[in-house]
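So you can see what is in the structure, the chains are spelled out below.
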Amino acid sequence: MLSIESARERAVPVRRRSSGNLWRIAKYTFVKGTALLVTVVIAVYIAILIANMGGYVDEMRKSELKFQIAEEINQNEQMRVLTPQERKAYEEEIFQVRLKQLDLDQHFIIRSFKYLWNGLSLSLGRAIYISSDSGSPHVDDIIGERLAPTLLVMASGQLLLFFSAMFFALFLSRRYGSRLDRLVVAMAPTSAAPAWFYGIFLIMIFAAVLGWLPFGGMMDAPPPPTFWGKVGNILKHLILPISAMVAASFWLSSYYWRTFFLIHSSEDYVDMAKAKGLSDRGIERRYVLRPTLPTIITSFAMTLIGLWTGAIVFENVFNWPGIGRLTQRAINMFDTPVIVGVTVIYAYLLALTLFLLDIIYAIVDPRVKLGGGENGS
Amino acid sequence: MNKTLLEVKNLKLYFRTSKGPVQAVDDVSFKLNRGKTLAVVGESGCGKTSLAKAVLRLLPRNIMVYSGEIILDGEDIMQYNEEQFRRDIRWKKIAMVPQAAMNSLNPVLRIVDQIIEPLLIHDRDMIKDKALARVKEMFKIVGLPEDFLYRYPFELSGGMRQRATIAMALATNPELVILDEPSSALDLLTQANLMNVLKRIKHDFGTTFILITHDIGTASELADEIAVMYAGEMVEKCHAEYFYTDARHPYSRKLMSSVPTLREDKELVFIPGQPPSLVNPPIGCRFAERCEQRFAKCSEHPPTFDLEHDQQVQCWLYTAGEEVKHA
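As they're listed, the protein sequences go chains A and B.
Position 237 (the first sequence) corresponds to 224 in the numbering used here; numbering is contiguous.
Heads up: take any position in the second sequence, counting from 1, add 1, and you land on the numbering used here.
For the record, the hints were derived by calculation from the structure and aren't laboratory data.
All residues carry an ideal CB built from backbone N, CA and C; glycine is no exception.
One or more of the hints may lead you astray.
A short, non-exhaustive set of chain A residues, derived as facing chain B with CB atoms under 7 Å [what the hints assert, rightly or not]:
id: 1; residue: Asp258
id: 2; residue: Ile270
id: 3; residue: Tyr274
id: 4; residue: Pro278
So that you can see chain A by itself, here it is in the shape it has in the complex (with noise of 0.2 Å):
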């Protein structure tokens, strides 16, 4: 009974460590937080000096600024009056007023680490050039109104596409080597296009050629006028977006998924499951799905924070009005508030996620223990 006593030791451990329980998760909570603030400020403020190119921005501001006063002064008639050297220091006066007003008297450096302050703090401010389709100049107001239309799309496309895809591929793990699984493999490699590819593809043959389906755009202009209706025609403008996004990644996501299932399935603890019995169904459910858990809802968890940023030649492509779409508008416009504030928010939401993810694996999978160094497997 040699062997007993052994393994009656090393089992204590295992006991003791469930009763600091409490204490190791605050641990780790507090560890990781830390850990992935600190990164999630310097990927912003690494944003912050990208988004000004290093404080360039500034200076493009401020000329444009003198040309626009200039031009004020012009145009105003009181002005006329005034000598050439009297009418420069009243421009100068001016500009320095306005300059105090935007905040840019002070160097850049300063202000970028304000602007990081504020970033953390998601008060997004003012943006320069932009303004929300209601008008208003915040930038909550313009990414709050894009978001909408980015979720239903991406949202739509991208959990369909995921959902279809791992079931069709669980199902096609039952079948290796059949006529379905070769052609899969053998199309695989289509998806080296991206989406927005297809979608050239599909507005010119179900838009401009057979005239079934709008060519881009999320609503007729005028809109419907009950409420059905307009649900009706978004419905019909999200065809072809989401068509193009399942085609293009259709087929390398069940590749993807099918061999991630093979590789799984041909673990021993399977061959015993289905040797003791089980079902198809129980095997895969209990003895395939399970152990793979933590993977899966790591790929889903990464495919809905994917779903944020849109995708800006998509969004383009179908003149979709969307995060990609804006992101693009205030990359070539400069302006830098936007683009700071679509980069938090990501930001934000991708350490949330990891966050959560450690925490949802622990959940699933007991091999892993929040903080806990010694287990051995």
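Dock chain B against the given chain A, drawing on the hints supplied.
Here is chain B on its own, set in the frame of chain A:
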């Protein structure tokens, strides 16, 4: 009741590979009586594990040929369809203790959930409490403390996991248990412990075992009969008592003389050469190339000869039922 529990006739299992078909199990036939233990011995890669998997129909994806008869309790279970086989045979009549007990338990399910599973699957009327009581009883038999039921596999040592898989195999009270190298990954003390557990089970419950091992010493503890496999074929089968003293096939003899014994002082020998590839095995006797007693006839495939004491040998030396000496 039928005295013969399992009869295997001309069982073949070939795998398809890029190099050609691998003849992992080639024309294997044997009989096994109720309550007896058959030890299948042979070096690694000779098709022992494939034989076990073939009996339980646990086939890999690249299967090419799977034929023959497997008669369990008078019924040819090769004729069963998948669903029937799953419901009536797997773990109900034949259970298995796999080779890699370390990896044979699902890492994210508690031990109890995995052991109780076959009980609940195969008996719809089984209530959870009764099943649990049965599992606890099994744990006692294999010598594991009850509270280990509620642990996860990674919290158990290798020997304990192996015991847990044995408990799992016995829980449904199957007629035949296939032990695939049950002790090879364990240290000597644990091995000895485990063999004692198995012996007790055999004695108390009259379970029929097929013990697959490369360790002839271990086999001797449990076996009533010994079958020797070489390159996918069963070259000799006989009662354990004769095998250790009077093995007939040249390969078996070599095998025996390479095993150290406690009381005798003998010189250990090794077998020169390597077993042939199973992709393109020789047409004749597969052992001929390494055999010191080979003669002209060996280039033809030998049939199985029945000798006295129910001994079967696949070797041309025994054409006349008795060993022929060739110069």
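Each hint, compared with the structure:
1. Asp258: 6 Å, holds
2. Ile270: With Cβ-Cβ at 10 Å, over 7 Å, it is violated.
3. Tyr274: Tyr274 (chain A) check passes; min Cβ-Cβ to chain B is 6 Å, inside 7 Å.
4. Pro278: Hint holds; Pro278 (chain A) Cβ to chain B Cβ min 5 Å, cut 7 Å.
In this structure, the one hint that does not hold is number 2.
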